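Engineer: Sequence:
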Amino acid sequence: MSAICAGTGGRPHSGVAPRVAFFHQNDVFQTQGGIERYVATIFDGAPERVVLVSAGKSRDSARIFDVDMKPTGGVPRWIGYLLAVFAERRAIATFLRENNVQTLEFSRPEYIFAGLLFPGKRAVTIHGTGPGPGNRLHWLLHHGCCLLLPFLADRVQIVGRDPSGVPRIARWLLGARIAYFDAWYDESFAPAPLPPLEAAAPLRVFYGGRIAPQKNPKLLFDIIREASRTTPNAFEFHYFGSDFEAFGREGLDDLVIDHGFLGPRALADAMRSCHLGLMCSAFGEGSPYVVVEGLACGRPYILPTLPTLRAAYDGYEGVYFVERYEAQHYLAAMARVRALMLAGGVDPSKIAAQMTARARSRAVPKLVDELSDLARGVVEREPAGC
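Heads up, the sequence shown is in numbering that gives the first Met the number 0, so the first residue is 0 and it goes up one at a time.
Here are the simulated lysine to aspartate or glutamate pairs, EDC-like style, with alpha carbons at most 16 Å apart:
1. K365 with E47
2. K349 with E316
3. K217 with E325
4. K69 with E87
5. K56 with D67
6. K56 with D26
7. K365 with D181
8. K56 with E35
9. K69 with D26
10. K217 with E249
11. K217 with E244
12. K217 with D252
13. K56 with D43
14. K365 with D43
15. K217 with D242
Derived DEER-like restraints, expressed as beta-carbon distance ranges:
16. D346 with A90: 51 to 57 Å
17. E197 with T229: 18 to 24 Å
18. K217 with G343: 31 to 37 Å
19. L339 with D313: 14 to 20 Å
20. L339 with P70: 46 to 52 Å
21. R89 with R335: 57 to 63 Å
22. F112 with L339: 48 to 54 Å
23. H142 with G72: 24 to 30 Å
24. R89 with R160: 38 to 44 Å
25. H328 with R160: 22 to 28 Å
26. G72 with R335: 46 to 52 Å
27. F112 with L196: 50 to 56 Å
28. A200 with L82: 51 to 57 Å
29. I168 with P306: 17 to 23 Å
Hints listed in this document are in silico derivations from the structure and should not be mistaken for laboratory results. All of these numbers come straight from a predicted model, not from anything done at the bench. By construction, the Cβ of each residue, glycine as well, lies at the ideal position given by its N, Cα and C atoms.
All chains, please: the whole structure from these sequences, using the hints.
Structural biologist: Structure follows, in structure tokens:
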């Protein structure tokens, strides 16, 4: 697969082992979201093997190229990111060459156009099942770009078990170039005993991550309202993330304890201070990092009965599915977990033990090996015309 060369100047890369470059539009260390967690944990878990090309740099690292992205106004952020990458293509090409980058990883299919600018094998990651059909323009754009992947990508990797985020014809054309993997967790997320729970004390329930249409915020708000109305002392709600103002707009800020956006260690401590995790998502979930992290802390989780989540977690100790998207059904499940905890029927160590194979120290080297293997046999070869 050819590349439109942006220049290959820079120091020779002799003595530097082949590396993988990850492209993403956000600062992955200070922005919430599964994609950001995916990139950040790889960056930290394979320090000698990966570099990052991102807009926004909260860390001072020679392994990060900080793309000078201008304010986008009403233009989608990914377009602004691609325009900035194009504008700085020569400097990025030098950065990639100096770091002996042989594989380029793009965290959404729209970025594949950036792959035409630089030499190297191309991998695209699909997180979950993509945008919901309710956002028609984003859905069409995502699937349109996915149709190009059989012709432009050397590997398409799907986080989760459901490939429906890639059109069927593209999957057929990609064949064995499609790979699947599950989310993993940083080793900060280790089990601990449950906080004390007495019959008159509230169960501490946490929700972590974005408040976005995919996450079904209306149902989350309904659960909090209904709990306050019907069982005012049974549950205490905690939020980990950057979108607390959404609760304020709904008049719920007095009913939710805000912890803000947390790094891995602080998030692990906050999860362990609670009893139970909650997710309400209506679509798009594949293998959410926040769920794996919560389970690794030994905390049970209540999940919606999405087919993708069923495939990933059905039969797991401490995972409870709710069949209907209604507040009373979620509250009934939460009450059952509370009763089970009061009876001593929840063992955090058993819940966490199921996650051992998903530890970052195991999962990240394996994934980076697979991405690096794409370039084997072409490590010293530059594309035609460079």
